[in-house]
Amino acid sequence: MNQTRLVTKSAPDVQVFDRTTDSTRADDQQVIAAGRFLLRPLRAADAGLIQLYTADRRVAEGTRAIPHPLPPGAAEQYVARAMSPERNEDVWAIDASESELGELLGVVSLTRIEPEQSELGFWIGSGFWNTGFATEAVQALVAANPHGSRTLFAEAFQDNPGSAKVLTNAGFSYLGDAESWSVAREARVPTWTYLRRMG
1 MNQTRLVTKS APDVQVFDRT TDSTRADDQQ VIAAGRFLLR PLRAADAGLI QLYTADRRVA
61 EGTRAIPHPL PPGAAEQYVA RAMSPERNED VWAIDASESE LGELLGVVSL TRIEPEQSEL
121 GFWIGSGFWN TGFATEAVQA LVAANPHGSR TLFAEAFQDN PGSAKVLTNA GFSYLGDAES
181 WSVAREARVP TWTYLRRMG
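In this text, residue positions in the sequence shown follow UniProt numbering: the first is 1, and each later residue adds one.
Think of the hints as simulated: they come from the structure by calculation, not from any bench. Backbone N, C-alpha and C define an ideal beta-carbon position, used for all residues, glycine too. Each hint should be verified, as a subset may be incorrect.
[To be verified] Per label pair, the in silico range of CB-to-CB distance:
id	residue 1	residue 2	range
1	Ala178	Ala44	30 to 36 Å
2	Tyr174	Pro72	34 to 40 Å
3	Ser173	Asn88	32 to 38 Å
4	Thr131	Ala187	17 to 23 Å
[To be verified] Under the rule of at most 20 Å between Cα atoms (straight-line distance), these lysine to aspartate or glutamate pairs were calculated in the EDC-like manner:
id	residue 1	residue 2
5	Lys165	Asp177
6	Lys165	Glu119
7	Lys165	Glu179
8	Lys165	Glu100
Start from the sequences, fold in the hints, and give me the full structure.
If you want it as structure tokens, here you go:
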């Protein structure tokens with residue numbers, strides 16, 4: 001991949017790269033290098049691993065939007081939406097292929113809510129739980145702040161304290177309790193909501 005270094009952020013081991021000439025990915029998202037992996041835009045080849053990881057009920061039930069079981073073609077549609085110029089969410093693959101751990105361990109995303117506010121989301125394959133990858137990915141995305149947000153919001157289901165810990169480790173502060181619909185659970189689920197004010 002032909003990359004040009006754009007900026008080095010203040011967080012250790014986080015570098016942001018300009019977009020690449022790889023036409024198989026979203027053309028206006030930055031690639032973010034962070035320690036053991038890269039955060040890069042999704043590409044069509046990621047659909048297989050996304051389908052594999054999200055077939056695990058525990059992964060799907062940890063998110064609002066992933067159904068379980070995953071319908072045929074859903075992973076491909078998700079990747080196509082993430083690569084579309086008209087997308088409303090920027091999605092990055094947690095790519096540890098340079099460390100020989102895999103091309104996709106999970107994803108992190110930002111959805112713009114208002115001009116200076118975005119919502120952060122993430123999931124990681126269950127084989128990579130308790131390895132620090134999710135925390136490092138969220139910290140790298142926060143440090144890079146590709147949307148230039150002044151405020152980031154996030155949430156975690158209350159029966160998923162691991163995700164809550166990822167958020168607090170990345171500097172998010174508890175805001176309050178709420179509920180969100182989980183497609184996989186077909187139910188409203190209690191959540192903890194979090195806020196991160198940016199410099």
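If any of the earlier hints don't hold here, list their numbers in rising order. The structure breaks hints 3, 4, 8; every other hint is satisfied.
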